[in-house]
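Enquirer: Chains as they are written, first to last, in my numbering: chain A, 1 to 264; chain B, 1001 to 1293; chain C, 2001 to 2377.
Calculated directly from the structure, the hints in this document are not laboratory data.
Each residue gets a CB set at the ideal place from its N, CA and C atoms; glycine is no exception.
Just so you know, not all the hints are guaranteed correct.
Said to hold, decoys possible - Each computed SDA-like pair below joins lysine to any residue, with the alpha-carbon atoms no more than 20 Å apart:
no., chain 1, residue 1, chain 2, residue 2
1, C, Lys2172, B, Asn1158
2, C, Lys2112, A, Ser15
3, C, Lys2111, A, Asn56
4, C, Lys2191, B, Ala1193
5, C, Lys2232, B, Glu1150
6, C, Lys2087, C, Pro2311
Unchecked claim - Chain B side only, calculated, beta carbon under 10 Å to chain C, not exhaustive:
no., residue
7, Ala1086
8, Leu1243
9, Asp1255
To be verified - Away from chain B, derived, C-beta distances all over 10 Å, residues of chain C:
no., residue
10, Lys2105
11, Leu2236
12, Ala2307
The chain contents come next:
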Amino acid sequence: MADESRIAAARSTRSLGWAIVLFLVLPITIVVPVSLTDQRFLSLPQDGLSLRHYVNLVQSAAWLSSVGQSFVIASGATVISVLSGTLCAVGCWRLGSRWSELVRVLMLVPIIVPTIVYALGLYRLWVQLGLLDTYFGVMLAHGVTGIPYVVIIVSTSLANFDPRLEQAARNLGASVPYTLRRVILPSILPGVVSGSIFAFIHSWDELVLVLFIASRAIFTLPRRIWDGINEHLDPTMAAVATALVAVTAILLVLDMRTRRQRSE
Amino acid sequence: MTAVAATGAHSGRRFFFANERTAYWLMVAPAAVLMAAFYFYPLVEVLWISVTEPKPGLDNYALLFTSASIRRTIVTTLRICTITTAVTIVLGYVVAYVLVHASPRAQRWLFLGVLVPLWISVLVRAFAWVTLLAREGLINTTLRDAGIIEQPLALIWNEFGIVIGMVHYMIPYAVLPLYASMRDIDARTVSAARGLGGSRFYTFRRVFLPQSLPGIIGATVLVFIFSLGFFVTPAILGGGKTLMIAEYISLQILDLLRWGLGTMLASTLVIFIFVLLAALAKVVDLKRLFGAG
Amino acid sequence: MRDEQSFAQDCAEILREDLVAGRIDRRTFMKGLLALGLLPAALGGSGAFARAAMAQTAKPKEVVLANFGGDAVPAFTDAFAKPFEAKEGVKLVIDGSGPSTGKIKAMVDAKKVIWDVIDSGTGQAHQLGQAGYLEPIDYTIVDKTKLDPQFAYKWGVINYYFSTVLAWDSTKIQGTPTWADFFDTKKIPGKRMLRRTGLAMLEPALLADGVAADKLYPIDQKRALAKIASIKADSLYWNSGAESQQLMRTGECVMGIMWHTRANILTRDTDGRIKFTFNQAIVQPGIWIVPKNSPAGSTWAHRAIRAMQEPEGQVLLLERMGNGPANPAAAALVKPQFNAANPSAPENLAKQVKFGGEWWMENQEQLTQAFLDMISS
């Protein structure tokens, strides 16, 4: 009896989990058909399906260059955020002093302060440094504001990492870089990966700073989407979203395949 | 740390130890320098405006106590963010829990489901929700055609719609830290408790939940702070009737040129969160939150 | 006479510029001057070439016009940039990155202005002008005879017309509704739609409340806001033009106050299901402004504005985007099929209510906040 209710409880938790994930993908069930709409604005298909928005995506120099720019900027920004953020999280974790505590609490500020306020300050600084409307300027701005995500997420996975392991390695004579690479990093890797994903998405989806510090040269994907939304809800943005979802899905499936083959 | 220092009485080790601390500070340095030069320096310059414009003094801060418009915005923001955070953490916890206990294959699919929404821009998502939830939207028309409802349900143009949109956005931000902390919970402690005859729920409550607490607190703080910054989603899904603090600030800066007021509200947000964290630190060990073992 | 003279001098200048740029040879240049009756003047003084060289150095690399992007970038390019470049030999570039008030202030404060002419509105023009961020419009360059002088302000000048109209779903409403119907939710049930910033939303409320069209200004703000508040439970407020279209198209709202450009496209897209009327619509000016320390300099910014006063470009803009020409002379050039949705067509102007720019200049800032406070409380 007890076993049965136990199994039932486990099953219902699991179904609830899957239901929530279904909720997460619910908008996709809209975005995919919308990307195939025969209308010129974001809407469900009316008289039939059409691939014209995909054609527009791959033929439009503007959309392609925006995807390219966003990819370059987000990749560069992620490198900045992940390298400095992970090192910072590990350093603070080992130091544990008041000062490093302060560093970590200050990391919350960029998430608290509305981006538009920072954008004003950034604009003034970028004028002085000549970084307005440049790849590097946007990359640096996104990279710096992405650091907190990495620090927070990596710190969370460090919270459960037994510091004695690290101490043991050090006592056995391992150097700090060696310990970092061989002992700490492997065990916090999921945190680092999550942190990278968020740092990447942070840049990929960032609009407020870009609208402020870019003008003619830099036209990232969010800016293109913003342009399309204000204009006529251009369905090309649904095609972009669908394509990205498809790429993510394919990558994960490929990864699954290789893992299965390896285990066989 | 002090314990280590005490055992390291040997002078050679002491030297080694000082060296080690330098190494750790060097690891903190790049992030600290980047943030100081390119974030805090320009930010502080702007926040300074809150005490200089339109005239020097604390007049902008006095508005916090006198302006009904600001008070209403703050109350609305706190209410929506609190509800969003609570719902997000509960749902995110369930997903993370199921993730940790799922087979590797199921895990992949669950991860796909969690990561996929991240690729869809906030704006596109808002319009997807409108298509789904509107009075003439997919959900209402389906229910009506099935004869379940006569009048459309008010799923949108209110705080319910806003919370749906925000929770949807925030769940991945809760799941990943929660998952990271649950993953490290020693499965042996759980099976030991079960082996000693603890019921499933008892084991969860007394063994699993406490160990996942740092993850919960971390995710809660993150989600709450994050949700304070929303404005596209509330503006659209609320039918234009909901004004949250981030949009209020943006309005002051971009349109009304009341930079003193906008930066005052931003500074207030920072102070408010820090006070909140300080209060939280009295109740729970914040060091755990930030991973100081 | 003065005008003719300056026009001829202008031609001479173009010739000189063409000469220096190597587009025409010296003989053609002299012939041109001769034809204009300016040869003696050009040969006198320090010589035509010295002056031509000076005109050349004063010539900017480009003049930059900022607007809010989207289809307006290619449309402005065809309507304004190409003719300007052909006439002046200077590139006119359209930057669609969105000239928000805050960004203009930040630019001028940082002495890093990248725009010469900005597509703006009455409220923004006044707000920035009073705060010292704009050049006053130079009416020795901008031609007041080519516009309605009522919309020639100190800090900005009309660039085109647009209208805030009443649109409705013809499957749910028979006939043409009025502003009074819009505010009467008992007579016609269903959701309404208004613009979220409150701009030009007070006039319909007062018209519905029985105020005569010529007695609207100064606006009784309290009365207007109370009228709008009375239908709050049945109202949605849009942020962007595209959103207003979506709310009408999907049947979420039975009636809406929206821009005529958006309403017109909606009528086309829905095969006439959504209709709109110019009756008592609020016809408003879009405004050019010139920021302080613009890169090409104030003179060239104003020369660009003058060039854009030519009716041909304005008519092209109407055909492409629906913006009504500001130059009354354009009316004769508009093809008949574009007149129905042209807010500045004489027959449509007669039906509409002219926007009281002066009142909005003084009040838009506080009204924006008051309006948002009202709808969000």
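Enquirer: Does each hint hold? Answer for all of them.
Expert: Quick rundown of the hints versus the structure:
1. C:Lys2172 to B:Asn1158: 24 Å, violated
2. C:Lys2112 to A:Ser15: At roughly 57 Å apart (the allowed maximum being 20 Å), Ser15 (chain A) and Lys2112 (chain C) break the hint.
3. C:Lys2111 to A:Asn56: 39 Å, violated
4. C:Lys2191 to B:Ala1193: 58 Å, violated
5. C:Lys2232 to B:Glu1150: 24 Å, violated
6. C:Lys2087 to C:Pro2311: Given pair Lys2087 (chain C), Pro2311 (chain C) holds - Cα atoms ~14 Å apart, limit 20 Å.
7. Ala1086: 23 Å, violated
8. Leu1243: With Cβ-Cβ at 4 Å, under 10 Å, it holds.
9. Asp1255: Hint on Asp1255 (chain B): holds, closest Cβ of chain C at ~6 Å, below 10 Å.
10. Lys2105: 6 Å, violated
11. Leu2236: 4 Å, violated
12. Ala2307: For Ala2307 (chain C), whose nearest Cβ neighbour in chain B is about 30 Å away, the distance exceeds 10 Å, so it holds.
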